Structures are given as C-alpha cells and as structure tokens.
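Construct all of the structure, not just a fragment, from the sequences and the given hints.
Going down the list, the protein sequences come from chains P and U. So in this note's numbering, the last one in the first sequence is 420, and the numbering has no gaps at all. So in this note's numbering, the last one in the second sequence is 179, and the numbering has no gaps at all.
Derived from the structure by calculation, the hints contain no laboratory data. Values in this document were obtained by computation on a predicted structure and should not be read as measured data. Take the hints with a grain of salt, since some may be wrong.
[Said to hold, decoys possible] If you want the ones that stay clear, here's a sample from chain U, every Cβ over 12 Å from chain P, calculated:
1) V11
2) V36
3) W102
4) L111
5) P153
6) P157
[To be verified] Partial list, computed: chain U residues near chain P (C-beta under 7 Å):
7) P9
8) L23
9) E30
10) I31
11) E55
12) A58
13) E72
14) G73
15) A80
Ideal placement from N, C-alpha and C gives every residue a C-beta, glycine not left out.
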Amino acid sequence: MAIYSIGRKRVILALLLTTVLLLTLDLNGNPVIDAGREGFAQVMRPVETATGVVTNPIERIWHGITDYDDLENENIALQEKVDRLVGGQAAAEAAVIEGKELQALNSLPSLSGIDTEVARVVGYAANNLDQVIEIDKGSLSDIEVGMAVVNQAGLVGRVTKVSLTSARVMLVTDSRYTVAVKVTSAADADADVSTNTSPSGLSPSEIADAATTTTTVPAPLGPFVPGVTLPDGSPVPETTLPGTALGPDGQPVIDPLTGRPLDAAQIAALLDALAATSTAPTAGTSADTPSATSPTGSPTTGSATSGSAPTPATTTTTTIAEIIEKEYGALEGRGRLRLPQIIFVQDSPSLSELVAGDLVETAGGSESLAPTGIPVGRVVNRAARPGSGGPLLDIALHADLGRLNIVRVVLYKPLSEVDQ
Amino acid sequence: MFAAFVQGPLVRVIPLGLILLALQRTIFVEIQVGGVIIQIMMATAAAAGVAGGSERGAIVGFILGVMFDLAEGTPLGSTATAMTVAGAVGGLLALIAADPHWWLEAIFTALGTAVGVAMVPLLRAFIGESEPFQRQLVVVIAVVAAAAALLSPLLVPLGRWCLRMRRPEWKQPVGDATT
Numbered sequence: 001m002a003i004y005s006i007g008r009k010r011v012i013l014a015l016l017l018t019t020v021l022l023l024t025l026d027l028n029g030n031p032v033i034d035a036g037r038e039g040f041a042q043v044m045r046p047v048e049t050a051t052g053v054v055t056n057p058i059e060r061i062w063h064g065i066t067d068y069d070d071l072e073n074e075n076i077a078l079q080e081k082v083d084r085l086v087g088g089q090a091a092a093e094a095a096v097i098e099g100k101e102l103q104a105l106n107s108l109p110s111l112s113g114i115d116t117e118v119a120r121v122v123g124y125a126a127n128n129l130d131q132v133i134e135i136d137k138g139s140l141s142d143i144e145v146g147m148a149v150v151n152q153a154g155l156v157g158r159v160t161k162v163s164l165t166s167a168r169v170m171l172v173t174d175s176r177y178t179v180a181v182k183v184t185s186a187a188d189a190d191a192d193v194s195t196n197t198s199p200s201g202l203s204p205s206e207i208a209d210a211a212t213t214t215t216t217v218p219a220p221l222g223p224f225v226p227g228v229t230l231p232d233g234s235p236v237p238e239t240t241l242p243g244t245a246l247g248p249d250g251q252p253v254i255d256p257l258t259g260r261p262l263d264a265a266q267i268a269a270l271l272d273a274l275a276a277t278s279t280a281p282t283a284g285t286s287a288d289t290p291s292a293t294s295p296t297g298s299p300t301t302g303s304a305t306s307g308s309a310p311t312p313a314t315t316t317t318t319t320i321a322e323i324i325e326k327e328y329g330a331l332e333g334r335g336r337l338r339l340p341q342i343i344f345v346q347d348s349p350s351l352s353e354l355v356a357g358d359l360v361e362t363a364g365g366s367e368s369l370a371p372t373g374i375p376v377g378r379v380v381n382r383a384a385r386p387g388s389g390g391p392l393l394d395i396a397l398h399a400d401l402g403r404l405n406i407v408r409v410v411l412y413k414p415l416s417e418v419d420q
Numbered sequence: 001m002f003a004a005f006v007q008g009p010l011v012r013v014i015p016l017g018l019i020l021l022a023l024q025r026t027i028f029v030e031i032q033v034g035g036v037i038i039q040i041m042m043a044t045a046a047a048a049g050v051a052g053g054s055e056r057g058a059i060v061g062f063i064l065g066v067m068f069d070l071a072e073g074t075p076l077g078s079t080a081t082a083m084t085v086a087g088a089v090g091g092l093l094a095l096i097a098a099d100p101h102w103w104l105e106a107i108f109t110a111l112g113t114a115v116g117v118a119m120v121p122l123l124r125a126f127i128g129e130s131e132p133f134q135r136q137l138v139v140v141i142a143v144v145a146a147a148a149a150l151l152s153p154l155l156v157p158l159g160r161w162c163l164r165m166r167r168p169e170w171k172q173p174v175g176d177a178t179t
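As structure tokens, this is what we get:
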C-alpha cells in the first residue's frame, strides 16, 4: 500500500499548479490549446463513433425499460395535440402570410429573409453543470460565435465555440445564457380561437384520413436540405425559421402532413374548396390569401376536405387576437431541470399586467446576434418581488431541449457588425 | 527514456482514458439516474487513487481530467483539477486500511468521487462563472458517489492494471509459522 510522504505531496502540488497554469492560459485564449482541442477532437471522433455503435443496444434497452410508460403517455398526448394542430394550422399560416405582407408593406424586419444553416446535434455535455450541445457544422459553413440557434419550435441557444466542422451551442437553460426578449400578450387568444376541426369521436386512422385532405396554403416549408432527414425519414426544409412562412412567391406548397409538394391543379382545387366551405361571409380581405372575415370583423380562414370519402367536413373559425407588446426584459437560463426566467420587467398599467400565458420572443436590437421575433416560449409562472425589482417570470420553452436532433443556426449579423 | 515511458502508466492510462471518455460522452449521457449524469472518469480517477495511492491517483486524475476538458470544451484544467483532487483523496483515504476489503474500497472510491464532483462548481466559481452552485448539487454528488461505489469492484482493478500494480499479498513471517 502506498505510503504518504513529502515527495508525494510535492507531486500532487505540482499537478495542481500545472492545472492552474493551464487554466490561466486557456482563459486568456491560447492558440496552442485551441489547436490541441482540434487535434484531440479528431482523435476522439472515431473512438466515439465506434463506442456509440457498440453501446447503442444498451442505450435502447435502458430506454425501453425506463421510458416505456412515459413514451406511451406522451404518444397519447401528442395524438391529441396533432388533432388540434391540424385544425389550427391553416388558420395560423394564413395569418402569418397576412402578417408578412403587412411587414413588407411597412418595411419592417422579418425573419423570412435570414439564411439559416441546418445542422445535426452530435452530442450533449457529459457533465452535470453545463447545458451545451455539439453540432456537426462549423466555420466552413459560415457559422460564427454568438449566432442564435433554433429548431422548428423556437429558440434553442447560441453558438459559443466554433471549429472548422463543428460548433458548440450553449442552450437557453445554461446558467450563463442571457438574451434580450420581449413579452407579448396573446391573452384570450385561446378563447378567441374556436376550432372544430378535431372530429371528436373519430379513430386516429379516421383523423389521419381527414387530415391528409386538409388544404394548407402555403405551407411554411421551403426546399429540403439534401442528405439530411429526420429520424422518421421525412426531409428537413432548408431555410425556414420558426415564426416565418413563405409567401406565394414561387416557393413550393407542401402538405405538412405528407411532406409532399402539391401541384398547381391540386392547389387551385383546394383553394376553391377552401373558399366554398368558409363559414363566414368574406369582406375586406386580400383576394390572394385564403382568409375571410367573420361577422365581428375579424379575419377567419377555413380548411376543407375533399374527395368522395364520407369524411366529416372540417371548418376552422379563428379570430386573430390582438398582439400587445407588453415589456422588454432579459431571459436568463438557470441550469439543468429549471425553467429560464425573465428579469428586469415591470408591469405597465397602460398596457396590461404580465401574466402566465404571455408569449415570449427575442427582442433583437442593433447589437444582438438573435434577430427579433424568434419565438422563445410562454410565461408559465409569475413571482412578484417586493420593492422595485419587478416580477420574475418563469418561461416554458417552446423547444424541447432534451430531444434536439436537427437545429438551424441563424446566419444573422446585427447592423452594427455588418461591413459597410 | 523510451523504456521508462513504455513501462510507465501513461501507455495504459491514455488509451483507457479515450475509451472511458467515449463512454462518458455516449452511453452515460443517455443513461441518467434521476437526471444526473454518472461521472465514470471521476470515479476512475478516485479508484486509481484507492488502488495505487494518492500520488498515482492524482496523476491518473490529471490525465483523465485534461482529456475530459479537451473533449468537452470546458476551461482546460477545471475538470483536471477536480479529478486530480479526487485521485489524491481516494489515495489518502486508502491509507486508513493496509489491505482494505472491497466494500472499504467502494466507500473510499465514493468519497473521492464526491469530493471531486463538489470541486467542479467550486473551481467554476473560482474562475468567475456566475452561479455555478445549483440546487441539485447535493443530489448530483450523492448519485455520482453511489454509482462510483457500485462500479468500484470494476474500477479499482482497472486502476491497478493501469498503474501496473498487483494487489498486495501479505505473507506470514517465517518465525511465526508455528503460531
């Protein structure tokens, strides 16, 4: 057995001093260390790939044992959600198109003009402190430190380190993460949206049959990324950001459920069917959008079923709720298993109180690398604080950060950094 | 010098470290216990300390820690310091018993690992990171230490193999043969 001695103490001391030296060099930025990381990543890649292949069956067995019940419950919940979304989607997309046209008319900044780079998540942080993922695209794909990363649901994080072919992304939940956000009110949005497109009492297969004939014009999907597919084999659209839609400007119109582009005849037929089944009289709306106006003056849209099968007709009647920008603040991550929080906010009596249910999106700004309008999440809890500190808002993120597979890096530079 | 290198622990520690690191970054990220990632590399550093003493444990911890920092992108030296301490503490605790039973080795490995895991946020605070101490730190330490204890019957012999050591054999002195 080892005997403790002065000499051994010196060895331990020398090692600790070496780590302090390395730490100092690294924190000050050292090209040798950076090159060392690059080289080590190259060495590790094949070992990690081989280990992944070997351990994959064990992982599957583990998840099979531990996650089966959760998966089953989640499946049921997702089916319910799909039912609701199928109905709401057509209305939402029409509203987005209308919003985009209004933005274009007013020359307001829009997310649809910003390029993105699709990347695959190749690893999660292996410690219990950092909330970091690694993606398989780097500086060769024009990715730079600070760029925002999103998925189809919303904001995921930002790039913190970039190498040639990979990059590290700090997730929104990391305690070091902060981003400027705005809180907008979608109050009563749920109450205003009356959707009867989920045919109650139908089996999932019947719902699927009805859903495949639902018109969606135009779908928020662009050209697909070659060579990148989701786990279920469906293609990954190339350029869209969450919260954006492509207008009727030549982009392919995709059925979001089947993932297949529709041809002109199908679109025309579906538009006719859409106009025919709209439940409200139309007045005062753009002729080239499938939207109508309800008796209350709010725009409404419809989705229709076609074909000879006796599937129940589905109609969506949606009142677009007025969006109120309530307050700007800073969203901070708070670490693993804890909801991010918004600080530096105050209630504004002239607008309305900050309440659970309010929507949160990035605020942008002249120096922010996250453009304005990226959906972040929804306020789920409000904690009042004494004094002038203002309330704290807990945010449930739209993006499920535990199951990231395909993400998009927003190739956006603020005006302050664009070369003149 | 070459012979010394070949016969030294590095030849075995580095390949073992690569494999452990790959396991840490793949299967142990997936197989979490109560949302906690088991720190197999930290446990190995502590186990090497238990097997070979504080000096060798610290060396193994240092090497594994540097590899971890290089791969994970954490500040180089931050995890290495924690793993060095874990190896040293494991070795120091092993001095309590001359030839510890397996369950004592498990306890020493768990304690060394716990100290190492607790060191990580401490070091992050030292380098200026905001709020590195999280509420669930106690849970993280407990789970990782328990896992280290369970894995110690594997990891301590692995540490011995790395360090080219054999389990000490205690022989009865010749003069005491009749007693």
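Okay, the hints, checked on the actual structure:
1. No Cβ of chain P approaches the Cβ of U/V11 within 12 Å, the least distance being about 16 Å, so the stated non-interface status holds.
2. Against chain P, the non-interface label of U/V36 is violated: not every CB pair exceeds 12 Å, the least being about 6 Å.
3. Residue placement check: U/W102 keeps its beta carbon more than 12 Å from all beta carbons of chain P (closest about 15 Å).
4. Under the 12 Å C-beta cut-off, the non-interface status given to U/L111 relative to chain P holds; the minimum distance is some 16 Å.
5. With a closest Cβ-Cβ approach of about 18 Å to chain P, U/P153 is found to remain outside the 12 Å limit, as its non-interface label requires.
6. The claim that U/P157 is not at the interface with chain P holds, since no C-beta of that chain comes within 12 Å of its own (minimum 16 Å).
7. For U/P9, the suggested interface contact is broken, since its CB lies about 13 Å from the closest CB of chain P, more than 7 Å.
8. Contact between U/L23 and chain P, as hinted, is supported at the beta carbon level, the nearest pair being about 6 Å apart and thus within 7 Å.
9. Satisfaction of the interface hint for U/E30 is found here, the shortest Cβ-Cβ separation to chain P being roughly 4 Å, below the 7 Å cut-off.
10. The restraint placing U/I31 at the interface with chain P holds, with a minimum CB-CB distance near 5 Å, inside the 7 Å limit.
11. The restraint placing U/E55 at the interface with chain P holds, with a minimum CB-CB distance near 4 Å, inside the 7 Å limit.
12. Interface restraint check: U/A58 against chain P, minimum CB-CB distance 5 Å, threshold 7 Å, status holds.
13. Taken as an interface hint, U/E72 checks out: its beta carbon lies about 6 Å from the nearest beta carbon of chain P, inside 7 Å.
14. Given the 7 Å rule on beta carbons, the hint for U/G73 holds: about 5 Å separates it from the nearest Cβ of chain P.
15. Proximity of U/A80 to chain P holds as hinted, the smallest CB-CB distance being about 5 Å (cut-off 7 Å).
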